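There are 2 protein chains.
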Amino acid sequence: MDAADFKDFSKAMSDYIVEYLSNIRDRQVVPSVKPGYLRPLVPEQAPEKAEPWTAVMADIERVVMSGVTHWQSPRFHAYFPTANSYPSIVADMLSDAIACIGFTWIASPACTELEVVMLDWLGQMIGLPESFLARSGGEAGGVIQGTASEATLVALLGAKAKAMQRVKQEHPEWTEYEILSKLVGYCNKQAHSSVERAGLLGGVKLRSLKPDGKRKLRGETLQEAVEEDIRNGLIPFFAVATLGTTSSCAFDALDEIGDVCNAHNIWLHVDAAYAGSAFICPEFRYLMKGVEKADSYNFNPHKWMLVNFDCSAMWLKQPRWIVNAFNVDPLYLKHDMQGMAPDYRHWQIPLGRRFRSLKLWFVLRLYGVENLQKYIRKHIQLAHKFEELCISDQRFELYEEVTMGLVCFRLKGNNEINEELLKRINGRGKIHLVPSKIDDTYFLRLAICSAFTEESDIHVSWEEVKAAADEVFKAM
Amino acid sequence: MDAADFKDFSKAMSDYIVEYLSNIRDRQVVPSVKPGYLRPLVPEQAPEKAEPWTAVMADIERVVMSGVTHWQSPRFHAYFPTANSYPSIVADMLSDAIACIGFTWIASPACTELEVVMLDWLGQMIGLPESFLARSGGEAGGVIQGTASEATLVALLGAKAKAMQRVKQEHPEWTEYEILSKLVGYCNKQAHSSVERAGLLGGVKLRSLKPDGKRKLRGETLQEAVEEDIRNGLIPFFAVATLGTTSSCAFDALDEIGDVCNAHNIWLHVDAAYAGSAFICPEFRYLMKGVEKADSYNFNPHKWMLVNFDCSAMWLKQPRWIVNAFNVDPLYLKHDMQGMAPDYRHWQIPLGRRFRSLKLWFVLRLYGVENLQKYIRKHIQLAHKFEELCISDQRFELYEEVTMGLVCFRLKGNNEINEELLKRINGRGKIHLVPSKIDDTYFLRLAICSAFTEESDIHVSWEEVKAAADEVFKAM
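Respectively, the protein sequence lines represent chains A and B.
So for the first sequence, the working numbering puts the first residue at 67; every next one is plus one.
So for the second sequence, the working numbering puts the first residue at 67; every next one is plus one.
If we strip away everything but chain A, and leave its shape as in the complex, we get (with noise of 0.2 Å):
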C-alpha cells in the first residue's frame, strides 16, 4: 500500500468512523450471531495476492459489525464502560506511525519522558499525594499498564520481593520457598476477579475478607485477619483496598486499612479501577481519603476519562521494589543513561510497551481538566435519573447507594424474577446488562457507558426495564 492509497484509506476509515459513531445508537447492541458465525464469512486461508483496501472495507460490515457488540451505544450498560473519543484515535495514528518500543529511555527517549510528566498530570488532576509523583524529585513516579489486573499483579510481585527480602534478613534458615508458604495478603470478598487471580499467579496465599453491611472493607476486619494470619505464623504482606467494585461500585474504607497496612508493614495497593477518573472532581475525593497511606496506586483512564483502551495508570512510592526483582540486563538493552530516566521495562510485566501516553497528551489537552470534570459529573448526573425512574416504580428497589455511574437495582422479591427479568431485558435487544450477586442477592447492574448518552437516552432504557418487568408480571 502506497502512500497515495493510505490517504485515500484513512479519509474512508475516518468517514466511516463518524458514520458508525453517529448513528451507532440504532445497532442491535447486542448482535444476535451465535459461536462459530463468522469463520463461514471468510476464505479459509489468507489470500496469495493482494486484495484492494476498498474490499477489506466493503466486508467490515458483513464479516465483522454483524459481530460486533457495541461498547460505544447509549444502549449499553454492561461490566463498565471502555473509552473512546475522537483525540484518543488520531494520538493512536501518531504512535503507530512512530511505532518505536520504549522499554528502555535510549530506546526512545520521548515515549519515556512523555509518560512520566503525562501521569504527573494526571496524578495532580486527581490529587494524589506528591510522594506518588516524579516531581517530587525521588523514585517514584507513574506508569501506564495495559490493564488495572497487570497493576495488581506488578504491586503484589513488588510487594512479595520486598516481604520476602525482609523475612530473608530476620530469618536467613528458611528458605525462598519456606517463606512464600506463610506471605498472606487481603482483599475484599468484592474485589475484581484480577486480584484473585494475581494471587494464584504470584503463588501467594490471598484471603477475601468480608466487607460491612455496605460491601465496604474496613479496617477493623483487616486488623482481626491480621491477627489471626500472624498468631498462626503466616506473615501477612500484602492489601488492595478497592474503589469502586465492579459489583457494585462500593468503597473499601481506604483510610482505616491504610493505618492497618502502616502498622504491620504491609504494602497496600489501591485498586480505582472504574471509579478513579472521578477523583478529578474534588467533591469526589472524600472517596479516596486516606490515599497517603498506599504504597501503589492505579486507575483507568480508559474506563471513564475518553483514553482509548490501553491505559491504565499506575503510580509507586517505591518502584525499586519491581525495578529490581525482575531486572535482567542483557548488554543489547544496556544504555549510558541509565539510571538517570526510568526505564519502564523494568515497571512491567512485559518487555515491549507502545506510545501510550500521546494518547492522554492528546485527550488532557483537547478536553481540558474542565471538560473532562463535565464528563463525569454528567455521567453521575444520568445515573441519579436512572435511579430516581427506578425508584418512582413501586415494584423496585436500589440495592446500592448510587455514587457513581452505575446503579445497582432489582425488583422487590426473589432473585428467580430478577433473572427473569434479565433475560427479558436482554431478550428483547434493545439494551444490554450483566448482573451480579452479592450474599446470595441477585441483582441487576446499569452502567452508564456511552459517551455519547443524553437524558433522552437513559428514558429509553428505564422504559425497556419496566416493559421487561410487565412482561415478568404478566407472566406470573
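These are calculated hints, taken from the structure and not from any lab test.
Given the structure is predicted, the values throughout are model-derived calculations rather than measurements.
Heads up, some of the hints might be wrong.
Note: identical chains are not told apart, hence a pair may lie in one copy or across any two.
Derived DSBU-like pairs (lysine-lysine); straight-line CA-CA distance at most 35 Å [stated by the list, open to error]:
#1 K540 with K234
#2 K451 with K73
#3 K77 with K115
#4 K255 with K234
#5 K503 with K400
#6 K115 with K359
#7 K451 with K115
#8 K271 with K496
#9 K271 with K248
#10 K115 with K280
#11 K489 with K115
#12 K77 with K255
#13 K255 with K271
#14 K532 with K234
#15 K100 with K440
#16 K115 with K276
#17 K73 with K503
#18 K489 with K355
#19 K255 with K400
#20 K489 with K359
#21 K115 with K234
#22 K280 with K451
#23 K440 with K400
#24 K115 with K255
#25 K276 with K234
#26 K400 with K532
Following the hints, complete the assembly by docking chain B onto the known chain A.
Frame of chain A, contents of chain B only:
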C-alpha cells in the same frame, strides 16, 4: 472534539504520517537529547480549558519528534525490527473506534472469532501442524498476546499447572510449596531475557544450558541436565527452544529437544519471536523441524510481518492447562455460550484486550501472502548484502552465520577495539546499532529493521561502519 474536527484532524495526521515516513531516513536516527529534556517543553499541569487540535499538531515536532528514536528509519539497525505499515495503522483506527473489550465471547463475538480464524490463517502460512489449529476441531488454537514475554509466561504457567496436578496425584503427601521447590525448567543460555524473567515471575527454577559451538541448544545437553536433575530429586517440567536468539539469531535444535521433552513429559515452548515470520517462506522451514513435538509456539508478526505492535501470535495444543489454572469466574463475566467458543480472558495474563486481529486481517489481505514472502526475502537478501560488504574488508569478521535479517560482525582483534568501534558508529549519529557479547566475545549486531530499506541504504550503513573503523585505527 466534534465529528468535523475529527475529520480534519485525522486528515492532517494522515498527511503528517506520510510526510514522516517518506522522509524518515533524513532524520537523525537517535536524538541527541539528555534525560529530562521533555519536562521543560510542556506546562507543569494539564490545561484547564480545551486547546484546539492545531495546537497539539504544532507541538509534535517540538516536543515529541525531538526526542524520538526512529525505529522505522533504514538507519536503525538496533535490537530487532518492530513492524509498521499503512494497512495496520488504518486497522487500529477501526479497532479504536469500535473500542470493545473482548474478554469473553459475548463481550464482542467478532473480536474473538476473527482472532480464532486469523490465527488459523497465520498458522497455515507458517506450516504449523493442524494439531495447533482451531480448525482441527479440538481444543487447540491460537491467541494474540501482547508480547513474546507474556507468551513465554503463559506457557510456563500452563506447564506449571500441568506438572503440579500430575505430581500432586503421584505424591499426595507433598505440599504445593514442596512441589514448587522441585520444579525445574530449561532454556538456552542465549534465550531472551524474558525467559529468565518468566521463571522469576512464576517462582520456579530455570536452568540456562550451554549451547554448542554454533550457539544452538542441543538435545544431548538437555538430556544430561534432565537426568542430573532427576537424580537430584527435582522435577523437570518446562523447556523453551529459541528459534532465532536475540544475541545472534541462532536456532536451537528443536527436533532433538522435542524428543527429550516428549520422553520426559516436559512442556516444550517454542520462542520464535523474531525469526518466526520467515517461516511463511517454505525454504526456511527446515529451521522449525520438530515443531510437532512442541506444546506451545509463539512468534511476533509485530516484529517482522508488517503488523503494528502489539500482535504476538501464540498457539497452544492444550489451552486447558492455562484456562483452568487461572479461571476465576464472577457472575458479571458469565454468559450462555461458555464452552462453545474460547473466552480469551482465560488464555492471557490481563483481563481486558483490544480488537487486535483486525490488524492481522488488514495486513494479510492488503499484502497477500506473496508480498509478505517478498518482504522477508528482501530483508534477508539485504542482510547478505551487508555480510558481503563486511567480509570484503579484511579488517572485519563475521561472528555468526547470517540466516535471517541480522548480521553479527566485529573487527578482528580484541573486545576493546570493537567497543570503540560501536561507540564511534553511534557517536557519528548517522546509524544506530547495539552490541552483544557471547562467551566474552563482544560483537556488533546489524539488524535490517525498516520497511523502507533499499540496497542503497545498506551501502550507506556500510560506509558508516567503515568510516568508524578508519577512525578507530587512526586513533590507535
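Status of each hint after checking the structure:
1. K540 with K234: Result: close neither inside a copy nor across copies, 67 Å intra and 54 Å inter.
2. K451 with K73: between (44 Å within a copy, 33 Å between copies)
3. K77 with K115: Classified as both; 24 Å inside a copy, 29 Å across copies.
4. K255 with K234: both (30 Å within a copy, 28 Å between copies)
5. K503 with K400: between (50 Å within a copy, 12 Å between copies)
6. K115 with K359: between (60 Å within a copy, 32 Å between copies)
7. K451 with K115: Between copies only: 28 Å across, 55 Å inside.
8. K271 with K496: Neither. Shortest intra-copy (43 Å) and inter-copy (53 Å) distances fail the 35 Å Cα cut-off.
9. K271 with K248: For K271 and K248, both the intra-copy (8 Å) and inter-copy (19 Å) Cα distances are at most 35 Å.
10. K115 with K280: This pair counts as neither: shortest intra-copy Cα distance 61 Å, inter-copy 38 Å.
11. K489 with K115: neither (46 Å within a copy, 44 Å between copies)
12. K77 with K255: neither (49 Å within a copy, 49 Å between copies)
13. K255 with K271: Both: 14 Å inside a copy, 33 Å across copies.
14. K532 with K234: Classified as neither; 61 Å inside a copy, 53 Å across copies.
15. K100 with K440: The answer is neither: 40 Å in one copy and 38 Å across copies each exceed 35 Å.
16. K115 with K276: Intra 60 Å, inter 44 Å, cutoff 35 Å: neither.
17. K73 with K503: neither (50 Å within a copy, 44 Å between copies)
18. K489 with K355: neither (39 Å within a copy, 52 Å between copies)
19. K255 with K400: Result: close only across copies, 18 Å inter versus 43 Å intra.
20. K489 with K359: Neither: 43 Å inside a copy, 46 Å across copies.
21. K115 with K234: The answer is neither: 61 Å in one copy and 52 Å across copies each exceed 35 Å.
22. K280 with K451: Classified as within; 22 Å inside a copy, 70 Å across copies.
23. K440 with K400: Answer is between; shortest inter-copy Cα gap is 33 Å, intra-copy 45 Å.
24. K115 with K255: Close neither inside one copy (54 Å) nor across copies (41 Å); limit 35 Å.
25. K276 with K234: both (31 Å within a copy, 31 Å between copies)
26. K400 with K532: between (62 Å within a copy, 24 Å between copies)
This entry does not satisfy hints 1, 8, 10, 11, 12, 14, 15, 16, 17, 18, 20, 21 and 24, going by the numbered hints stated previously.
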